[in-house]
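4 protein chains.
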Amino acid sequence: MIVVMERDATEEQIQKVVSRLEREGFQVHLSRGVTRTIIGAVGDKGHLQRESLEAMEGVEKVVPVLRPYKLAAREFRPENTVVRLRQGVEIGGEAIQVIAGPCAVESFEQLLVTAEAVKASGATILRGGAFKPRTSPYSFQGLEEEGLRLLAQARAATGLPVVTEVMDPRSVPLVAEYADVLQVGARNMQNFYLLREVGAAKKPVLLKRGPSATIEEWMLAAEYIMSAGNDQIILCERGIRTFENATRNTLDLSAVPLVKSLSHLPVFVDPSHGTGRWELVTPMALAAVAAGADGVMIEVHPNPDEALSDGPQSLKPDKFAQLMRQLTRVATAVGRTLGQIAVCSA
Amino acid sequence: MIVVMERDATEEQIQKVVSRLEREGFQVHLSRGVTRTIIGAVGDKGHLQRESLEAMEGVEKVVPVLRPYKLAAREFRPENTVVRLRQGVEIGGEAIQVIAGPCAVESFEQLLVTAEAVKASGATILRGGAFKPRTSPYSFQGLEEEGLRLLAQARAATGLPVVTEVMDPRSVPLVAEYADVLQVGARNMQNFYLLREVGAAKKPVLLKRGPSATIEEWMLAAEYIMSAGNDQIILCERGIRTFENATRNTLDLSAVPLVKSLSHLPVFVDPSHGTGRWELVTPMALAAVAAGADGVMIEVHPNPDEALSDGPQSLKPDKFAQLMRQLTRVATAVGRTLGQIAVCSA
Amino acid sequence: MIVVMERDATEEQIQKVVSRLEREGFQVHLSRGVTRTIIGAVGDKGHLQRESLEAMEGVEKVVPVLRPYKLAAREFRPENTVVRLRQGVEIGGEAIQVIAGPCAVESFEQLLVTAEAVKASGATILRGGAFKPRTSPYSFQGLEEEGLRLLAQARAATGLPVVTEVMDPRSVPLVAEYADVLQVGARNMQNFYLLREVGAAKKPVLLKRGPSATIEEWMLAAEYIMSAGNDQIILCERGIRTFENATRNTLDLSAVPLVKSLSHLPVFVDPSHGTGRWELVTPMALAAVAAGADGVMIEVHPNPDEALSDGPQSLKPDKFAQLMRQLTRVATAVGRTLGQIAVCSA
Amino acid sequence: MIVVMERDATEEQIQKVVSRLEREGFQVHLSRGVTRTIIGAVGDKGHLQRESLEAMEGVEKVVPVLRPYKLAAREFRPENTVVRLRQGVEIGGEAIQVIAGPCAVESFEQLLVTAEAVKASGATILRGGAFKPRTSPYSFQGLEEEGLRLLAQARAATGLPVVTEVMDPRSVPLVAEYADVLQVGARNMQNFYLLREVGAAKKPVLLKRGPSATIEEWMLAAEYIMSAGNDQIILCERGIRTFENATRNTLDLSAVPLVKSLSHLPVFVDPSHGTGRWELVTPMALAAVAAGADGVMIEVHPNPDEALSDGPQSLKPDKFAQLMRQLTRVATAVGRTLGQIAVCSA
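Chains A, B, C and D, in that order, give the protein sequences.
For the first sequence, counting from 1, position 266 maps to 268 in our numbering; every step adds exactly one.
For the second sequence, counting from 1, position 218 maps to 220 in our numbering; every step adds exactly one.
For the third sequence, counting from 1, position 264 maps to 266 in our numbering; every step adds exactly one.
For the fourth sequence, counting from 1, position 337 maps to 339 in our numbering; every step adds exactly one.
If you're looking for bench data, these hints aren't it; they were derived computationally from the structure.
Treat the hints loosely; a few may be bogus.
One side of the interface only, derived from the structure: several residues of chain A facing chain C at Cβ under 8 angstroms [unchecked claim]: (1) V6; (2) R9; (3) H31; (4) S33; (5) G35; (6) R38; (7) G42; (8) V44; (9) G45; (10) V65; (11) V67; (12) L68; (13) R243; (14) T244.
No residue lacks a Cβ here, since even glycine has one placed at the ideal position from N, Cα and C.
In isolation and in its complexed conformation, chain A is listed as follows:
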């Protein structure tokens, strides 16, 4: 930790900061310049809050030296984390996996038609929302437990592992009973009670980045889950909120290589929510893989203009099939392959 004192900090204020740091077990180095004194505090305590120092008189700013997360950091675990699902689907390895399916589960037919179509095109994981976070209380909120049952049936029929969102800490055991991967949605990235519950569950977690979360906050959300005992985490960039409203969100693809260097966890990209427009989904899925993503998550609906949620950003099955063909070529260009589902399925 580095403490920069104000220009007119008194000797007494400087000494008060030094004593405080020493009392907390830091080794202290003082650099006195002509206009300012800088206090370097070496040691890895973590007890002392940065903000507690910033509140001291005479302190201009405090600059942390160490990153505030550990379990999620690559410097503490250099090798990639690989999350293993049924049917031999491995996330975070050499192969790129594609999650596809409807935004919301609407009926068994809608789900099964979509699941079979995306499987035929090469998707290895099925998505579908049973509990839907909706901005308006008057929008369709999902089929809830019935939706989970339909997902399990679609998995039985196709062999595809399923990912679905859990929003309420109380529902984690129920959702974990049905799902292969628990999704924590963007709006819940800092729902700390939910993070602790999925941390306690013995299921992989797909952790979406919050729409206004910095990368550091996202890593700390992963740290919550890991510190609760679960390190089967897949990070998913899905766009951040900016001034630009020509797209639903601004997909921050630079986050992909950056997070891959900061963390050992696999990183996915959701270009459907990231752009909100189906015409942009394919180019941004290709870009995500070119940037180093471990997979993409794509909304597919057999009939987008009848979809109960997110129609404008859903691909029809034939467009999705095209996407997969192009994705295979881009994956090869960057030295990767597309994942495959084990043959003896269902």
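Given the structure of chain A, go ahead and fit chains B, C and D onto it with the hints provided.
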């Protein structure tokens, strides 16, 4: 609802949209221009999702005409909502109320000293966090139920009603047992299960604006609570996340007069979180009242540099006393008064 | 300057940074922690670019200690700068000054009617655009030199000093011939050739904050003007661009007290551009003064729905008169007065 | 244009809007709903400003139907614009072109070494700044005309066409004398006098997107240049300003396919400024091409830690060579090739 068709939309696509709208019960008006056709749909159905139309072929954009919230809208309830707390404290009336206290409850002594000081300066409501939403799992998370008990003791000693945050839907009944006002924090503004639980509770709710929430999303969060049966809501602007990082957040004071015109609910401002720097708290509290806020929420700590949370933005009791003197003058200048606690307290 | 080395920086990399710093004349202090080495560099050289260090191998980040601006900084000139205009109008002193007038000069009649009305209500400076920065090449671009002449006539008729925008470095001498204050618009805050030209002019400059400029960048823009020899600068906050689009911009009022502490220059607020909606102009003008602004800049038009520019954010003269009455009360509440124009005018 | 009237708009207010629209030559359609009246105005006048209607009493909002730009719009020119430079370099065709070189021209040796290296790796255009827009007046501002001469010498030696920034409207003729492509930098995207001057020049223009410019504003900046008579424009996405500061800017790659659909102009991406970190340049360059960009612009410096500008985001020549090998593979994967310089060079 207005549907703008693409330049090259076919007659068939136009008719498909018209039929869909008519099927849903809208009255439809067509305007055919040289380059584009516009479809006006009159009626207040709400069943048909805007996005479902946007997913239809040939549709360029859909412009909603009605606001998506009702219960929270001033056009459906013109008179101001007044939230009444114990000791005659009324929020949303002519008097401005000041909530003050420490960010986190740390001990009975810290809380009581602060409560007595802020009461002496004119605050009418005590704040203090028992459950703390913290970005890092390694930061102090609050005294939890013990913190709630201390708040109740401080209320018994001073007569001040108390507001405290609830983060977990499961804790709503517990927190409601102790608190006079349930606070929904900024990071939980779209925690829809929590909104429904506080909607079901029979206690006033202080609903903070999310750091990246638009005003419309904030109104819809209030609508969630109201549609669950609770209309005792106090809105609280606490800064939004922008590119500027000289302050912790960017306090959006324009939201105050704007929300007062859109909604009948009272609006507070939290300049402590809104700026993150104690030197800016007083000027921004004055500005909030000048802009028309019904009250402010201020962090006060007897010893900010030992605070377990938010020290840099906490005022010492003497600075808070000064703030209150200035606030009284500004309130008078805009034709309001400062609220008072009823004499026969506790 | 503080250099934080990467976790696995080699001894050679550390020494290379140390040598570089010493070669540039810095005094260097090394702090070796368990996981990282920190290099403190004391001295005020300014020659060495921070980014040049950041490009060195093994360097994780460089934290500047000193602010990058001097002439504009309060720490180098503690007393307030006061800008003096004709008719005894002083900006940055105890009195609050109000600039008012139409967005664009449209005709002599429109300008004179407005000028007389705002003067009658207490405004002390007249605004009016002759050169208009317009997003579209097809929008009205201003009356240009004819507009300048009309401003001079309105000044002759009312005695009000005038402020008008200059956009092109080549027009600075022309505009300086007519105007009392040269306005640098938000979109030109980093038009460095324009900054140098207005720096060379012997006229006060009103420097608007860019819509995506940090406070530090704004101070550096002032530094450009000051380093070219002109220290008669008035800063003007006019809203920043954020995700919120319920208002045209997000007026960042926290910038007012913050900049007043960082700099000795006077600070104005433009709530007309800051909000884009006339209903919000009065509350935000009051808030600006409560927050410590030295003045406000208000768009007034006798007939907003016929205005050639910015009608929706312009006040009618009667609303402006009301604003001025309220502003007087708020100014008094914060210990200030409203400026007056010297009697023997014109 | 669609005008949505307020809920309580009077019949007189409605009629006033209708008359105004009819007076301007629009055909008007009225839709009266239970709570609101909507006025559709058909016709393509452009005279009537949207804001002028928004200022009328009783008007809630005005929704434009047509896009505000024409010359730059694909709907008015369906086929791709191809910009042709010397040596057979074509921008916007099937081949992807790579612009590379140092941020700033520092010396002939530095420039020539870089130019030869990037040419050897496959770059077809040389970049180098002679006039540098710098946030601080104390930073290196470029070699100015001497820098232009060095660029011309490097072109003579290598055959590579050169692109360099012009910042001052007065310098356009000078820069146009030396450069093959005039760059308008991000901070000058709305410097309208500069746009008109480069519009009048007979040289291709590389128009960078402003850090807080919407896509529509960017298109309108291109419209300024085109309406001044120059349609040889290359658009260049270089990152927008958001709350995330782990990267220098947030590279908005979704803008690439979006702008390609809205406009016929070629689109480049600058991942060096877009990320500010050299480690992210290669993955984001690959992503840009996968997303459909017509080329990328890369900062290369033989010795980044001695660079006078932008060292941290500059690649060394060997890293650039690697990038080019990977880029070739990704270009092939999306059905494109890398451009080549004609053999008989210089």
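Hints, verified against the model:
no.: 1; hint: V6; in the structure: holds, 5 angstroms
no.: 2; hint: R9; in the structure: holds, 5 angstroms
no.: 3; hint: H31; in the structure: holds, 4 angstroms
no.: 4; hint: S33; in the structure: holds, 4 angstroms
no.: 5; hint: G35; in the structure: holds, 4 angstroms
no.: 6; hint: R38; in the structure: holds, 6 angstroms
no.: 7; hint: G42; in the structure: holds, 4 angstroms
no.: 8; hint: V44; in the structure: holds, 4 angstroms
no.: 9; hint: G45; in the structure: holds, 7 angstroms
no.: 10; hint: V65; in the structure: holds, 5 angstroms
no.: 11; hint: V67; in the structure: holds, 5 angstroms
no.: 12; hint: L68; in the structure: holds, 7 angstroms
no.: 13; hint: R243; in the structure: holds, 5 angstroms
no.: 14; hint: T244; in the structure: holds, 6 angstroms
In this structure, none of the earlier numbered hints is contradicted; all agree with it.
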